[in-house]
Amino acid sequence: MKSLEDLKKLRDSARQMMHLREGGDSVRIVIGMGTCGIAAGARETLAAVMQELERLHLYDVVVTQTGCAGFCDKEPLVDVILPGQPRVTYAKVDGERARRIIDEHVVNGRVIEQWVIER
Amino acid sequence: MRDLSLHVLDLVQNSLAAQATEIEITIDEDLDRNLLTLCVRDNGRGMSKEQCAAALDPFYTTRTTRKVGLGLPLIKAAAERAGGQLQIQSQLGLGTTVTATFQHDHLDRAPIGDMSLTLMSIIALNEECQFTYRHRRGKREFAISSAELRQELEGLPLDHPQITAWLREYVREQEKSLEV
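Going down the list, the sequences are from chains A and B. For the first sequence, the working numbering assigns the number 1 to the initial residue and increments by one for each residue that follows. For the second sequence, the working numbering assigns the number 1 to the initial residue and increments by one for each residue that follows.
Just so you know, not all the hints are guaranteed correct.
[Stated by the list, open to error] No more than 35 Å apart at the CA atoms, straight line, and that leaves these computed lysine-lysine pairs for DSBU-like:
1) A:LYS74 - B:LYS139
2) B:LYS49 - B:LYS76
3) B:LYS176 - A:LYS2
4) B:LYS139 - B:LYS176
5) B:LYS139 - A:LYS92
6) B:LYS139 - A:LYS9
7) A:LYS8 - B:LYS139
8) B:LYS176 - A:LYS8
These are computed hints drawn from the structure, not numbers from a lab. Keep in mind that this is a model prediction, so the values were computed, not measured.
Can you build the whole structure from these sequences, using the hints too?
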């Protein structure tokens, strides 16, 4: 069984691996968590995002949420904002798309154009 | 919404939109009285009597991005389908409490669902808000708060992937131990 005690150990190992955030030029990922997003599976999308970030040891990415953006039929929506670049919004992001977006866009800087929506 | 954990996630979004800084989530499974009560209480901006009544109308919303507001009507329908009801108590400037009751063993009562994923989502994505979660089932109880997590983490962010993975697993185990 896990306990709150585990967090102390985790804290010390985790802290060593995240210096980039302090620089203020982190990658940001924003998940749409309105009723429409949640009903479309945004929570599972977020879970996939966190798992992929953990798998790739990307501990300096800031993950936040937003409400309904008015594209309810295209949820779950995920924004990726690389430092110094405009926001890119992806549509219908399930777990599989989320993993691809992190691998291609966040890691390699290549936007996956066919999933992007104009806004 | 498939299950109650998704409704909880949705209700919390309402609280966040109302600028709440403290949100309390309670699930109480009173097996003796065959009653499941789900409650989300916040200290957000609250609603007037008129807004409170209108909030259950699917064609009422304060948002500007779309013309419908389905969150509360959906959970009201889920409660009523399972022999329960939805109650909204709110006071302008003080906050809102949404309480849904369900007949625990009703065939149409939605399952609780994955609370570990819901708690991971709201705690990780809303660093500035204090969450308290309490789940009672019969005589057993599990409680967790973002304040106690923050205390252990000493400034490490709650959206750190190793922390969210730990949190998910921790809540999953604790929720499961309520079932025994």
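Each hint, compared with the structure:
A threshold of 35 Å between alpha carbons decides the hint, and for LYS74 (chain A) with LYS139 (chain B) the separation of about 44 Å lies outside it, so the pair is violated. A C-alpha spacing of about 18 Å is found between LYS49 (chain B) and LYS76 (chain B), which places the hinted pair at or below 35 Å, so the restraint holds. The straight-line distance between the Cα atoms of LYS176 (chain B) and LYS2 (chain A) is roughly 12 Å, inside the 35 Å bound, and the hint therefore holds. At most 35 Å may separate the alpha-carbon atoms for a hinted pair to count; LYS139 (chain B) and LYS176 (chain B) meet this at roughly 14 Å.
Under the criterion of a C-alpha separation no larger than 35 Å, the hint pairing LYS139 (chain B) with LYS92 (chain A) is inconsistent with the structure, at around 42 Å. About 32 Å separates the Cα atoms of LYS139 (chain B) and LYS9 (chain A), which keeps this hinted pair within 35 Å; it holds. At roughly 30 Å between alpha-carbon atoms, LYS8 (chain A) and LYS139 (chain B) fall within 35 Å of each other, so this suggested pair holds. Distance hint between LYS176 (chain B) and LYS8 (chain A) is fulfilled; the C-alpha atoms sit about 24 Å from each other, no more than 35 Å.
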